[in-house]
Amino acid sequence: MIEFDEQAKKLVVKLVYYGPALSGKTTNLLCLHDQLCTEGRGDLMVLDTVDDRTIFFDLLPLFYVAPSGFRIKLKVFTVPGQVRHDATRKAVLQRADGIVFVADSQKKQMGPNAESFANLEKNLAMVGLDIDKLPLVIQFNKRDVPDIIPENEIQTTWEPTGLPLVMASALQGDGVLETYRQLVALTFDRLNARLELTARFGVERADFVGSVTRIAG
Amino acid sequence: MSIDRKLDFIIGEDKNLAQLLEVSEALMVLDGAVRAGACGAEIIDSNRVLLASCGVESPFSAIRAILVEGEPAGSVVVYAMDSGARLEGITDMLHVALQTLINGSMKRMLTSEAHTTIVNQSYDELLETNEKLSVSERQYRELAASLETKVQERSEELKRAYAIMLQKEKLAAIGGLAAGMAHEINNPIGFVISNLNTLTKYATKLKEMLEFYRTNCEPAIPAELARQAETRWRELKIGYIFTDLDSLVKQSLDGAGRVQKLVADMKGFSHVGETGSVPTDINLELEQTLSVLCHEVQPGTVVERNLGSISKVRLNPALLSQAFLQIIRNALQLKAAPLKITISTGQQDDNARILIADNGPGIPPDIRDYIFEPFFTTKDVGQGTGMGLSLAEQAVQACGGKISLTCPPEGGTVFIVTVPIGSNSHE
Chain F
1 MIEFDEQAKK LVVKLVYYGP ALSGKTTNLL CLHDQLCTEG RGDLMVLDTV DDRTIFFDLL
61 PLFYVAPSGF RIKLKVFTVP GQVRHDATRK AVLQRADGIV FVADSQKKQM GPNAESFANL
121 EKNLAMVGLD IDKLPLVIQF NKRDVPDIIP ENEIQTTWEP TGLPLVMASA LQGDGVLETY
181 RQLVALTFDR LNARLELTAR FGVERADFVG SVTRIAG
Chain Y
1001 MSIDRKLDFI IGEDKNLAQL LEVSEALMVL DGAVRAGACG AEIIDSNRVL LASCGVESPF
1061 SAIRAILVEG EPAGSVVVYA MDSGARLEGI TDMLHVALQT LINGSMKRML TSEAHTTIVN
1121 QSYDELLETN EKLSVSERQY RELAASLETK VQERSEELKR AYAIMLQKEK LAAIGGLAAG
1181 MAHEINNPIG FVISNLNTLT KYATKLKEML EFYRTNCEPA IPAELARQAE TRWRELKIGY
1241 IFTDLDSLVK QSLDGAGRVQ KLVADMKGFS HVGETGSVPT DINLELEQTL SVLCHEVQPG
1301 TVVERNLGSI SKVRLNPALL SQAFLQIIRN ALQLKAAPLK ITISTGQQDD NARILIADNG
1361 PGIPPDIRDY IFEPFFTTKD VGQGTGMGLS LAEQAVQACG GKISLTCPPE GGTVFIVTVP
1421 IGSNSHE
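Here the protein sequences line up with chains F and Y, keeping their order.
The first sequence runs contiguously to residue 217 in this note's numbering.
The second sequence runs contiguously to residue 1427 in this note's numbering.
Everything labelled a hint here was simulated from the structure, so no lab data went into it.
Predicted model only: the values in this text are computed from it and were never measured.
A virtual CB, placed ideally from N, CA and C, is assigned to each residue, including glycine.
Hints are supplied without guarantee of correctness; some may be wrong.
When the alpha-carbon atoms are kept at most 25 Å apart in a straight line, the in silico SDA-like pairs for lysine to any residue are as follows [said to hold, decoys possible]:
(1) K9(F) x K1015(Y)
(2) K1015(Y) x A66(F)
(3) K9(F) x S1046(Y)
(4) K1107(Y) x E39(F)
(5) K122(F) x N1120(Y)
(6) K1107(Y) x M45(F)
(7) K10(F) x K1168(Y)
(8) K1015(Y) x R84(F)
(9) K1107(Y) x R84(F)
(10) K1015(Y) x K122(F)
(11) K10(F) x R1138(Y)
(12) K1261(Y) x V1278(Y)
(13) K9(F) x I1010(Y)
(14) K10(F) x Q1099(Y)
(15) K1159(Y) x I1010(Y)
(16) K1168(Y) x Q1019(Y)
(17) K1107(Y) x E3(F)
(18) K1107(Y) x G42(F)
(19) K10(F) x S1046(Y)
(20) K1132(Y) x D86(F)
(21) K1107(Y) x R71(F)
(22) K1250(Y) x P1299(Y)
(23) K10(F) x V1278(Y)
(24) K10(F) x I1010(Y)
(25) K1015(Y) x K133(F)
(26) K1205(Y) x R1234(Y)
(27) K1207(Y) x V1192(Y)
(28) K133(F) x K1107(Y)
(29) K1015(Y) x V65(F)
Okay, the calculated beta carbon distance ranges per label pair [what the hints assert, rightly or not]:
(30) A1145(Y) x D52(F): 22 to 28 Å
(31) L1133(Y) x D5(F): 49 to 55 Å
(32) R214(F) x L1127(Y): 34 to 40 Å
(33) P160(F) x E1156(Y): 33 to 39 Å
(34) M1109(Y) x D5(F): 17 to 23 Å
(35) G173(F) x G1032(Y): 39 to 45 Å
(36) Q155(F) x V1049(Y): 54 to 60 Å
Sequences are here, hints too, so could you generate the full structure?
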């Protein structure tokens, strides 16, 4: 977590969209920015993007204020997917509270998916985060393009891990909110277990999750 | 070095307005508002702290919230002489300009600061990697260096072992040959001795017969014939032959007897057909060894035996005789006139002790440590193999014993062989 200030009644949470290059991480954030209610979210900040490739990262801030006045700020980041930006990925992963792994459903992208996931495991270990405890949602994106891995095959592969799995088409807006909602809920549970947000600050799970995932009317 | 310590910039850390606002830039924009017709303009943060101001306050004002990451972080206030569209317009323009400035500043911070951090971190990691690599390179170098020494040591060891093995094989071959020869010589020497004994008896009989003729028949034959016989007797030196015959046969028997003993000792010494440990009489082994070496004993050399009683020790007798052979042979080659070798045996505590002393020049202290090393020799090139004492040490060690040497102040060298009698002793 980026910041937890009891006196200022403030918590800043970091969520990260990880995955191979061109798997649709920025598209996920753009889609969230479009779908989520403008009240309670800031503008998407796209930092230095060249030719569709993110060089630094994207940032979408979201806010929640509990009835008690306790404020939670969610900062949703993407990482640059290209192999050469590993150092940036590591810097963005620092103090992350939850991860979405955006995999590319195309058959030819299986290699990059696996490499990127291995890279995620390695980098999490390097920044001192435990992949087994960190909230993690797997999204298989680009379900709308041809020559993709069948869903049952993906289910068979990922089921044993017990990780939540979401099929998505970020360009069409499908599955994006679902992915985000699952991550927010998991992340809340983990933070609540550690910080007793409900007991001490009156932050109710349903209220929080509902608020930060409310779609534009 | 932990990564946490290196990263002093956390991506996503909240920034307040004061951190994001470049006052000189903000003043230029505020000044623009004043020139556009406002009386004054100011920027305050969320705690109502004044961050920048320009011009003067006046009764009418308009206010706009400044957002950082979508959250209000402060406000901009514009003062004018009257309210209305003009004030609102200037305020809107100023707000947009400031917001753009702050967003730009935010982006710059996130990118360039993150970038700097990342570059520094990557550099530190490279340094660390480099350090690790040089450490491992150093280790490999050391390993390679020590490997060379180890290989050298090993090949030395192999060379030694090979030389020792060769020498042992040679000895074994000689031993086998000696045993074979001993067996072959034993039979002929047996009938030579037996025939010589018979010959002695025959000669005695012939002598007796001749004497009989000489004393009893000669007076009965014609004088001329008797004279001729007497002449012939003298010509043929029969009288001398009578006396010499006995000593000749005696010498031959003596020689043949020595051959027989030598052959028996050789056979015993080589221990052909015996393997492993057997209860061994150490004194007997010494005697056999001396016997085998008798031809190497130069005239004038004194070999003194001072053999005490020792219990039989269970060991490989061939090995022990090898050791004795090498040590005694080494002593026999010393140039001392007259050479005297004293061999004493005895039992001390649970050990059999064999002392082989000579009256040679002794061994200089600086080479005493090398005396049992293979190939170490003080003899001229081609004279010694340098293997003798090394083999002796090996043999004694194989018997579970120890070999050492001292050079007493009165001169000479004493080799001391100790063999534990232990529980393997046999009466």
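Can you confirm whether the C-alpha distance between K1261(Y) and V1278(Y) stays at or below 25 Å? 23 Å, holds
Mind checking the alpha carbons of K1107(Y) and R71(F) for me, to see if they're no more than 25 Å apart? Distance ~24 Å between K1107(Y) and R71(F) Cα, so the pair holds.
Check the hint pairing K1107(Y) with G42(F) against an upper bound of 25 Å on the C-alpha distance. 14 Å, holds
So if I understand the rule, the pair passes when the alpha-carbon distance is 25 Å or less; does K10(F) with V1278(Y) pass? Not OK: K10(F) and V1278(Y) at ~93 Å, beyond 25 Å, violated.
Straight-line alpha-carbon gap K10(F) to R1138(Y), limit 25 Å: With Cα atoms ~52 Å apart, K10(F) and R1138(Y) exceed 25 Å; violated.
For the pair supplied as a hint, K1015(Y) and R84(F), is the alpha-carbon distance within the 25 Å limit? Answer violated: K1015(Y) to R84(F) is near 29 Å, above 25 Å.
Proposed proximity, K1107(Y) with K133(F) (alpha carbon, max 25 Å): 32 Å, violated
Holds or violated: K1015(Y) with K122(F), Cα cutoff 25 Å? 30 Å, violated
Please work out if K10(F) and I1010(Y) have their alpha carbons no farther apart than 25 Å. 17 Å, holds
A range of 17 to 23 Å was offered for this pair. Does it hold for the Cβ distance of M1109(Y) and D5(F)? 20 Å, holds
Okay, A1145(Y) versus D52(F) on CB: inside 22 to 28 Å? Hint violated: Cβ distance 54 Å, outside 22 to 28 Å.
Is K10(F) close enough to S1046(Y), meaning Cα to Cα at most 25 Å? Judged against 25 Å, a Cα distance of about 15 Å means the pair holds.
Checked against the numbered hints above, the structure breaks hints 7, 8, 10, 11, 15, 16, 23, 25, 28, 30, 31, 32, 33 and satisfies the rest.
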